[in-house]
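Asks: Sequence:
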Amino acid sequence: MPCLVVLLLLLSVNSGNALTYLDTKDKDHSKWFRNMVNDSIPFYAGERVVIVTKGVVSPWVVALLRLDYEVARTYLEEAVQKDFGVEEVHEAITNADEFKAIDMNIPKDPLFGRGFGGFRHLVPSMKSTREYAIVSKQYNRIDKVDGHSVSRWRVADGREILGKPWTIVVVERADFSREWARDHMGLLWPFKTSGSSRLVTETEISLIENSLGQRHELIDYFVPYPAYETGAVLELMNAILEKAKGQ
1 MPCLVVLLLL LSVNSGNALT YLDTKDKDHS KWFRNMVNDS IPFYAGERVV IVTKGVVSPW
61 VVALLRLDYE VARTYLEEAV QKDFGVEEVH EAITNADEFK AIDMNIPKDP LFGRGFGGFR
121 HLVPSMKSTR EYAIVSKQYN RIDKVDGHSV SRWRVADGRE ILGKPWTIVV VERADFSREW
181 ARDHMGLLWP FKTSGSSRLV TETEISLIEN SLGQRHELID YFVPYPAYET GAVLELMNAI
241 LEKAKGQ
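So for the sequence shown, the numbering used here puts the first residue at 1; every next one is plus one.
Possibly wrong hints are sitting among the right ones.
[Stated by the list, open to error] Each computed DSSO-like pair below joins lysine-lysine, with the alpha-carbon atoms no more than 30 Å apart:
#: 1; residue 1: Lys-137; residue 2: Lys-245
#: 2; residue 1: Lys-100; residue 2: Lys-82
#: 3; residue 1: Lys-82; residue 2: Lys-25
#: 4; residue 1: Lys-100; residue 2: Lys-245
#: 5; residue 1: Lys-127; residue 2: Lys-25
#: 6; residue 1: Lys-108; residue 2: Lys-164
#: 7; residue 1: Lys-127; residue 2: Lys-100
#: 8; residue 1: Lys-127; residue 2: Lys-82
I should point out that these hints are in silico values taken from the structure, not numbers from a laboratory.
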């Protein structure tokens, strides 16, 4: 595993906004990605894939915005509608008695729990939260692999969570495609299977930056490590709170 991590870090590309990407336009990078993740949509779409600094693909990217919740959700919905089309929107208010304890060692869906209630572990004064969910229409249609992408955007009101009129956005994406089957070593089998994979690419990040970050509202990104690490989710939430406190 350490060798794989080192290899991935060598293949990654650092961006100015602290995200790390794997470049699927590069032949070697693309071969590795398709062997390990078995998702060729980013390759055909010419997209770079966000990876955790530990060298793995994460299903989520979290953005912290110095922007009011109502404004952020409006901008974001308009941008998703323009770029992909909107399939569904839903707003939910979660009260304190509905907050559930979450696993602090491994991130799970929905990230941070329903209504971002996991933050109550660090902010016991939280009384209720507002969350606006946007689901895109299908995009990245790739006929060669009978594939497409769908993204989901969870927008959280930061007033109760952060103590400021700011916003937290969680973006996640699923790719659906029919690919050549592979074994655990990445070797091809002579038949195809339909499947899905979770990731975030520069396509979704560009939408955030173009719609929400043009006036310096974007403070920082956080990329969860999608595997067990003691206290990892707690550490992630604390990092978000500390970043907001320092602004």
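Asks: Indicate, hint by hint, whether the structure satisfies it.
Replies: Results for each hint:
1. Lys-137 <-> Lys-245: violated, 36 Å
2. Lys-100 <-> Lys-82: Since the Cα atoms of Lys-100 and Lys-82 sit roughly 35 Å apart, the hinted pair is violated (cutoff 30 Å).
3. Lys-82 <-> Lys-25: At roughly 25 Å apart (the allowed maximum being 30 Å), Lys-25 and Lys-82 satisfy the hint.
4. Lys-100 <-> Lys-245: Holds, at roughly 25 Å.
5. Lys-127 <-> Lys-25: Violated: Lys-127 and Lys-25 sit about 47 Å apart, past 30 Å.
6. Lys-108 <-> Lys-164: Roughly 26 Å between the alpha carbons, so the hint for Lys-108 and Lys-164 holds.
7. Lys-127 <-> Lys-100: Holds, at about 13 Å.
8. Lys-127 <-> Lys-82: This hinted pair is violated, its Cα atoms lying about 35 Å apart.
Of the numbered hints stated above, those contradicted by the structure are hints 1, 2, 5, 8, listed in ascending order.
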